[in-house]
Amino acid sequence: MSKAYNEIYKLILDELEENYVKPYYKNLLKFTQSNDFKVNLKKLILQNKYDAISLMELLYPFYLEYGKLSTLDWLKYINDYVLTLSFPEKVFRKFENGLAPLVLFYLNLLRILSKLEIKYDKNSFLYNYPISFLEHEEENKTKFLNEYLTFKKAFLNNWIYELMKIDLSLTGHNTIDHVVGVNYISLNIGRQLKSLGLPIDLGIVVGAGLGHDIGKYGVKDKDMDKVPYYHYYYTEKWFYKLGLEKIGHIATNHSTWDLELENLPLESLILIYADFRVKNKIYKDGYKMHIYTLKEAYNVILNKLDNLNSKKEQRYEKVYKKLQDFENYMLNLGIDTNFTKNITNKKAYRPYSLMEGEEIVDNIKYFAIEHNINLMAKLLDNVGFNNILEMVRSEYNWRKLRLYLQIFKEYSTYLTQKQKIITLHFLMDLLFHREKDIRNESAELIGLLISQYDEEYKKEIPESIKRIDPDITSSEILEDLLKNILYPDHKITGSHIEWQYNLKTIVKSLFYNSKVENYVKYSKLLIKYYENHNSMSPTTQLYLSQTLKYIPIPHLDNNNLKQFHQYILNQLNSNILEIRLTILDIIDEIFEELTENRNFTFLLKNWILENLGNCSYATENYLKYKLALKLNIEKNIQKRLKLNYEKVEDNISEIFLKNLKTATEWMNKKVNIDILYDQVKKSPKTYGLHTGMHFCNLLKVSAIEKVRNYAGHTLLHIFQFLTQEERNDIAVELLRALEMQNYQFTKYIPNYLGQLLVYLQP
0 MSKAYNEIYK
10 LILDELEENY
20 VKPYYKNLLK
30 FTQSNDFKVN
40 LKKLILQNKY
50 DAISLMELLY
60 PFYLEYGKLS
70 TLDWLKYIND
80 YVLTLSFPEK
90 VFRKFENGLA
100 PLVLFYLNLL
110 RILSKLEIKY
120 DKNSFLYNYP
130 ISFLEHEEEN
140 KTKFLNEYLT
150 FKKAFLNNWI
160 YELMKIDLSL
170 TGHNTIDHVV
180 GVNYISLNIG
190 RQLKSLGLPI
200 DLGIVVGAGL
210 GHDIGKYGVK
220 DKDMDKVPYY
230 HYYYTEKWFY
240 KLGLEKIGHI
250 ATNHSTWDLE
260 LENLPLESLI
270 LIYADFRVKN
280 KIYKDGYKMH
290 IYTLKEAYNV
300 ILNKLDNLNS
310 KKEQRYEKVY
320 KKLQDFENYM
330 LNLGIDTNFT
340 KNITNKKAYR
350 PYSLMEGEEI
360 VDNIKYFAIE
370 HNINLMAKLL
380 DNVGFNNILE
390 MVRSEYNWRK
400 LRLYLQIFKE
410 YSTYLTQKQK
420 IITLHFLMDL
430 LFHREKDIRN
440 ESAELIGLLI
450 SQYDEEYKKE
460 IPESIKRIDP
470 DITSSEILED
480 LLKNILYPDH
490 KITGSHIEWQ
500 YNLKTIVKSL
510 FYNSKVENYV
520 KYSKLLIKYY
530 ENHNSMSPTT
540 QLYLSQTLKY
550 IPIPHLDNNN
560 LKQFHQYILN
570 QLNSNILEIR
580 LTILDIIDEI
590 FEELTENRNF
600 TFLLKNWILE
610 NLGNCSYATE
620 NYLKYKLALK
630 LNIEKNIQKR
640 LKLNYEKVED
650 NISEIFLKNL
660 KTATEWMNKK
670 VNIDILYDQV
680 KKSPKTYGLH
690 TGMHFCNLLK
700 VSAIEKVRNY
710 AGHTLLHIFQ
720 FLTQEERNDI
730 AVELLRALEM
740 QNYQFTKYIP
750 NYLGQLLVYL
760 QP
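The numbers in numbering that gives the first Met the number 0 rise by one with no breaks, and the one at position 472 of the sequence shown is 471.
Simulated from the structure, these hints should not be mistaken for laboratory data. Just so you know, these numbers come straight off a predicted model, no measurement behind them. There may be inaccurate statements among the hints.
Unchecked claim - Simulated crosslink set (EDC-like; lysine to aspartate or glutamate; CA at most 16 Å straight-line):
#, residue 1, residue 2
1, K746, E295
2, K507, E588
3, K29, E14
4, K2, E136
5, K503, D453
6, K520, E588
7, K523, E577
8, K629, E588
9, K641, E588
10, K221, E138
11, K193, D120
12, K681, E645
13, K364, D335
14, K514, E434
15, K193, E235
16, K114, E56
17, K699, D436
18, K660, E633
19, K37, E56
20, K67, E56
21, K523, E478
22, K294, E326
23, K629, D587
24, K746, D324
25, K604, E645
26, K278, E295
27, K629, E592
Said to hold, decoys possible - Pair ranges (Cβ atoms, derived):
#, residue 1, residue 2, range
28, D220, L195, 43 to 51 Å
29, E369, K37, 54 to 62 Å
30, T83, R398, 40 to 48 Å
31, L756, I471, 43 to 51 Å
32, I421, Y239, 20 to 28 Å
33, E138, K408, 47 to 55 Å
34, L155, M223, 22 to 30 Å
35, I359, T412, 24 to 32 Å
36, E369, K310, 30 to 38 Å
37, Y403, N139, 30 to 38 Å
38, T663, T412, 37 to 45 Å
39, K25, Y59, 50 to 58 Å
40, G97, E16, 15 to 23 Å
In this text, a Cβ means the ideal position worked out from N, Cα and C, and glycines have one as well.
Starting from the given sequences, assemble the full structure and let the hints guide the process.
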């Protein structure tokens, strides 16, 4: 005890020599040299009282002379003083400048006592799990060193540790024990993983571990019952105010429910794992912080969940199993998760060929976890991400390029908004790639990224808070994209046709991946271009018309719906065949949605009556006849349109020839496929095998991906009309087609071949 007393007393006297104490130096020196002070200090050390209230009681006789406050009121005054450094909007008290040296003197002594508590109080949770920052050597290996140093400086200068100790004395909330426990586990595990060569940033681990619950001190007094829900928002606010984007993102998203995302950075997994295990435990003398095993923590948290039902319990079990997989992965690496201080980090390597049963499954799981860890480490770092993009830009091997696109698609959720913008620019360049399927995949990914661009804030926000909109929104990105595609720069005029061809794929992907509440704003942007279609080139109008069927009609307001219908009616009279065929085909596909509007149905019937004449194109006659049937127009009108269409049946061989010509427009080919399908249904013996082989050829060699897929789709429908021998011939033909060298054709065949094989005899 005398050793601890001498050390502490010397440190107190040293603190008196600091410059800020000058106004009170003589009086403080006299007070600290008094016999009463020394006796009380010895009692404090003897009883292992290193808490905030005990220190205030030690200093209170002196402080009472300068501020007529009670012990608790002085502690609240200092608490508010510290709180203003992090969350000034929460404090309404006015502070006296003359008392600032006394506040700082108290805080510095509390910091000194806290260090000695870790050293001398063996019964303290903090003694067993002391707060830790990085060693100097570790700092030099930290990728985000500036963020870490900024966090460390803010943590110390804003007296965060001392704030938690004061809060413990005022409220009884032992948040400080939880935070240092999480810090201890996460850094301990992080160091072990780092020694094994895994890509982990220990600076982020320390910052996120020590700062993940700092938002609890920012929650307004009226919302104190909502602290478990609102503290994420205030934690994010604290970090982002300091410009700590990386550490702040990990620290904010430490909820167990954040595990519902498919892939997370290693730093996030460690923080959630540590946070999951450090919880209060009931003892005879009240609650104390305890480090549970993962399995024990599962039941502790399950009993605390609000509004628990079977669905929520299933969700919880799912995220728990992810943590269990992560712990098993660490144990497989030889990580000590029980902190026995007997760390070996050595796990005997066992080849896959010697594994069997569950061991194989587990190791495949570990392989996947490690793959995700390595990739997420590159996505977390902008430099690493830019390096990936540069590798992709210079990649000439189409197989690798497709692999990169698949990675971007799978991990798009985890890209920051800046990374999404960079990726979108790269994908726009790929729309000019010579391989059509790469252009198609790039277009799909563009739609996906725009739909995901607006970051949804999944945490609860206090009712009094309004989140600030970002500088750029998905709507603005979509608008710029539409302008560039529909009104291309003169420099790319020679290539813009293929570029515009991908518009429908982008729009389809956008609405497919968007949330329903975003349909309205995206639809309004698109409809605007349908109003101004006359200012576009014929080719641009064609590609714009193809996007019609992907616009969610039920979500259009009256004005936009009216414009939508008007555009369809105008384009039915277009002097460009492909546009007329496109509109007729779209009406056929989305007929039920369109005809929910009676006025539009009436206008469609009028258009049919005004255009009963025989067209010179068989496909147009066919579509008009189909539309008349769906509109249930008078029998004599149907009969007249049928006569126009039946002339086609006499010349089916010409349709086969047209479909294999590159000069025939793809929309014409698509409608021709429908005509051939109708003929097979009428006379399968006459046209079945020939048509089936024709569709095989289209699936193998058609230059337009839309035609290939539609031919494959229709082939599935006619298969039921074929004999067993004919089915065998077609299946063999497609199996041979898999040997073709061009992947952009062969990649589509297995989708249909797999389904066709089911029709064959075992």
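**Restraint status (C-alpha distance of K503 to D453 at most 16 Å)** = violated, 22 Å
**Asked** Keeping to a limit of 16 Å between CA atoms, is the pair of K681 and E645 held or broken?
**Response** Holds - the C-alpha atoms of E645 and K681 are around 13 Å apart, at most 16 Å.
**Request:** Could you say whether the range 30 to 38 Å given as a hint is met by the Cβ separation of Y403 and N139?
**Result:** Taking Cβ atoms as reference, Y403 and N139 lie about 33 Å apart, which means the hint holds.
**Message:** Check whether the Cα positions of K507 and E588 lie no farther apart than 16 Å.
**Reply:** Judged against 16 Å, a Cα distance of about 15 Å means the pair holds.
**Prompt:** Within 50 to 58 Å or not, the Cβ separation of K25 and Y59?
**Reply:** Because 19 Å falls outside the window, the suggested range is violated.
**Asked** Is the hinted pair K520 and E588 satisfied, with a Cα-Cα distance of at most 16 Å?
**Response** Roughly 24 Å between the alpha carbons, so the hint for K520 and E588 is violated.
**Message:** Would the hint linking K37 and E56 be met if the CA-CA limit is 16 Å?
**Reply:** holds, 13 Å
**Message:** Can you confirm whether the C-alpha distance between K641 and E588 stays at or below 16 Å?
**Reply:** violated, 20 Å
**Request:** Sort out whether D120 lies within 16 Å of K193, counting only the CA atoms.
**Result:** Violated, at about 31 Å.
**Prompt:** Does K29 pair with E14 here, judged by a C-alpha cut-off of 16 Å?
**Reply:** holds, 14 Å
**Prompt:** If you check the beta carbons of G97 and E16, does the distance land in 15 to 23 Å?
**Reply:** Cβ of G97 to Cβ of E16: about 21 Å, so the range 15 to 23 Å holds.
**Prompt:** K629 and E588: Cα distance at most 16 Å?
**Reply:** It holds: about 11 Å lies between the C-alpha atoms, which stays within 16 Å.
The structure does not agree with the numbered hints 1, 4, 5, 6, 7, 9, 10, 11, 13, 14, 15, 16, 18, 24, 25, 30, 33, 39 stated previously, though it agrees with the rest.
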